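2 protein chains.
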Amino acid sequence: MEFKDATLPEIEAAVREAHVAFLSYKNLNGKKKGEFLRAIADEIEALGNSLIQTAMQETNLPEARVVSERGRTTGHCRMFAQLVEEGSWVDARIDSAQPHRVPAPRPDLRKMLVPLGPVVVFGAANFPLAYSTAGGDTASALAAGCSVIVKAHPAHAGTSELVASAIRKAMIQTGMPQGVFQHLHGAGFEAGQALVKHPLAKAVGFTGSLTGGRALFDLANQRPEPIPVFAEMSSINPVYLLPESLAKNFEKTALLLANSVTQGVGQFCTNPGLMIAVDNDDLKKYIKRLGEEIIKTPAGTMLHQGIANNYHKRMAESLAQKGVSIEAQATDAGNNRQGRATVVSVSAKDFLKNPLLAEEVFGPFSLIVKCADVNELNLLAARQHGQLTSSIIGEEAEIEKFQSLLNLLREKAGRLIINGVPTGVEVVPSQNHGGPYPSTTDSRFTAVGTDAIKRFVRPVAFQNFPNSLLPSELKNENPLNVFRLIDGNWTRDQVK
Amino acid sequence: MEFKDATLPEIEAAVREAHVAFLSYKNLNGKKKGEFLRAIADEIEALGNSLIQTAMQETNLPEARVVSERGRTTGHCRMFAQLVEEGSWVDARIDSAQPHRVPAPRPDLRKMLVPLGPVVVFGAANFPLAYSTAGGDTASALAAGCSVIVKAHPAHAGTSELVASAIRKAMIQTGMPQGVFQHLHGAGFEAGQALVKHPLAKAVGFTGSLTGGRALFDLANQRPEPIPVFAEMSSINPVYLLPESLAKNFEKTALLLANSVTQGVGQFCTNPGLMIAVDNDDLKKYIKRLGEEIIKTPAGTMLHQGIANNYHKRMAESLAQKGVSIEAQATDAGNNRQGRATVVSVSAKDFLKNPLLAEEVFGPFSLIVKCADVNELNLLAARQHGQLTSSIIGEEAEIEKFQSLLNLLREKAGRLIINGVPTGVEVVPSQNHGGPYPSTTDSRFTAVGTDAIKRFVRPVAFQNFPNSLLPSELKNENPLNVFRLIDGNWTRDQVK
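Those sequence lines, one after another, are chains A and B.
All residue numbers in the first sequence are consecutive under my numbering, ending with 499.
All residue numbers in the second sequence are consecutive under my numbering, ending with 499.
Isolated chain A (complex conformation) (with noise of 0.2 Å):
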């Protein structure tokens, strides 16, 4: 199927219509916004299975993990609608008035969170449902009482669409303001750039590339008015195997890292890119048994032929690097869409020497790093740039003498993992998916889990507000019930 690119002119009449709305939007109460991201919800399930097809075609994605993503899809749509509907999020804080105090009195001081404005949010190439259309940035600027327009991927274009159609029925069910979600398609960068210089734009969602995210995020800052851009970029998400349990579990080790770095052809930004370890006979073992499990990695296609390209080259560029060699690679099948699943490896000093072996490859890759002893691998770790995870393979005794490791992959990462994989994003409310640069554009963030809705939101404060006038989360009667910070002390209570 084919879809235009939106012009100028309908680009400038969708950023409008999405301001318009927003100023009704906004004031919604978190029960209507909660039955518009439930219904959007059950309308994506109501799709059916022309989705689940659709979205197949388009991205080769297998049936099951289509079917899982859009679980994930409509699961957090109704994880931002309970968050809204209960209410609390929006971080109330009250201080009451002190009359009587000298020299002079205190006035009545009230705070909460309110929604910046229309947001542009950017289909994700490796999400077809839960990063792109009705995805985490979507659902949670919904949420956060945000009109939203998405620029759509041209990957997948057909799956855009169809899930925006749905979101258009959850509108007109829940008579949700008309334009309070628009929905572009745009094959280049024209109609994003246009999006993110809009004056009416007050915030992006990102997820892609590194040159993408900070292409948008620099033109974000240079508008007259900068506004904040959270764009998911580049991660190679080192797992840091140590000595003692890899010389216990290698075969355990191999078989789950193994299974991390080929699933989904490795199209994940938390793929982990990078393995290190003391060089010795555990590791060779280890590498053997991982290599049996690549070998056998039946190729798979990858999302678009953009990013099939894209792997093969920087595939190749990583082994064309001195010292680099390959320890296994699954067969070829002879389809330039596939990935074959590849593990290299490279010693510790010809890493540190080499800056392009940092970078991403986007796929079923990981390259091993072989260090010479335990400091090797504390300066591998010193000298890592910001990452969305970093993974400590090691028994809970050995760690605790690693605990410098711990101390510094902790300025490293959003996201520490011990004994296990980076692949697997729980959307809870203690996940961060986030991290420093050049994970993302601005660690205080996360793209996955409730704290999400915080990208999207500022504080206001009410001084000497009449109840009458004050919004319902921070009126003296707490109508909604929510949790508040009054005088110091967290409490549903009514004010005094």
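I should point out that these hints are in silico values taken from the structure, not numbers from a laboratory.
Mixed in with the good hints there might be a few duds.
Just so you know, same-sequence chains aren't split out, so a pair can sit in one copy or run between any two.
As the list claims (entries may be wrong) - Derived pair list, reagent style DSS-like, types lysine-lysine, alpha-carbon separation capped at 25 Å:
no., residue 1, residue 2
1, LYS7, LYS478
2, LYS288, LYS251
3, LYS325, LYS288
4, LYS200, LYS415
5, LYS7, LYS34
6, LYS457, LYS415
7, LYS299, LYS325
8, LYS356, LYS200
9, LYS172, LYS7
10, LYS299, LYS356
11, LYS287, LYS325
12, LYS356, LYS287
13, LYS404, LYS478
14, LYS356, LYS34
15, LYS7, LYS325
16, LYS478, LYS415
17, LYS291, LYS478
18, LYS457, LYS499
19, LYS404, LYS255
Computed from a prediction, not measured in an experiment: that's the story for all the values here.
Chain B: place on chain A using the hints.
What follows is chain B alone, placed relative to chain A:
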């Protein structure tokens, strides 16, 4: 007193030391950080009269103001001490493992806020104590667990040096890591630019001009690794005078506003630089009464010659604009470092045609915009830039009829005030001293109140960690007794 500008090698050494100090300081518990912050407050008080005299001499602020600013400074140091001693600010979240979940088990996931790293703080011209060396930026960054590098404001370098000596004493007394606080001088731009560009600097706090703040913001965003800048810059704090209230209370309102405009020679970021009202006889009476107060205000000596020169230049520029006329002006004291209180007026039509009139005139100056009717008043509101505050003076029943104005102003400001003035910023949890651009560079954060700490922290998730390796705030037994979101419920309970 003369202070030598920091050289590039001195800047390099300061940031490196701050980085090394950070790596141990970040792990100190809240009790230790609290001791440090309380010792800073004590040592500032121990400076006694020499601090007050130095600040008065350097800034020409009157004694009462400097004493009260010292109280605010020691007050926020102790407020942040209390915040970190209690500990719940880390926003701990715990989602328990579900080992038997199908199709895949759910891992144990826990999250909390951790400090960003070394923070560069720029002393503010207009707050030699409360927004300079031990100001809100420094106190909140230290509370977060960040090390701090202060670039002293050259206009009160001696005051800054004294406060720095107090902080150094507090460091030694409480056994803080050497280098956790660094203090540099720099009269030109070079030192500040070098600090913001340094790869080991991880965030910036700034209070000052739009030009200065935007330059630092741009510089930080152009780094290979961009870092967050919270710059509080430019706000004219519109006050909307509604007609019914003005008819009834013109005298009371005039006294209130005259005091707010002239307080501290108008050198507050919350100075009410714009008053907007419907042009009628009541407004004339208001302006007359306001003028009587303005004229009798003694001209005050401004903070430094640069600010005074800028005030005279910007005032002359405003007066030269089409349609602008002087309503009242205090006597010229014949000293070019003094600022004469001045109120001018313009029609809404002329105001709307001339963007220069919406720019800040830093000093005891306010522009009254006369609207033909309520529609024009609403239009004026719609055209405002982002502000720290917006105020409405109106009868409660009257404001009910201006719901759309209230709705609109929420998009324009970080704090809304009813029947009060923007000056006077309470340091409480419900404070929001921030707002849409150009009032700050990121409307999602505040520079005042306990939430100021959020500018300098980021979440880290800990997946599948053995209890022994978790930070104290996340351990099962909750040794610090902090509030945590455990499986969806806020509680101080242990994890069962």
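### Task
Output the numbers, in ascending order, of every earlier hint that fails for this structure.
Structure breaks hints 1, 5, 7, 10, 14, 15, 17, 18.
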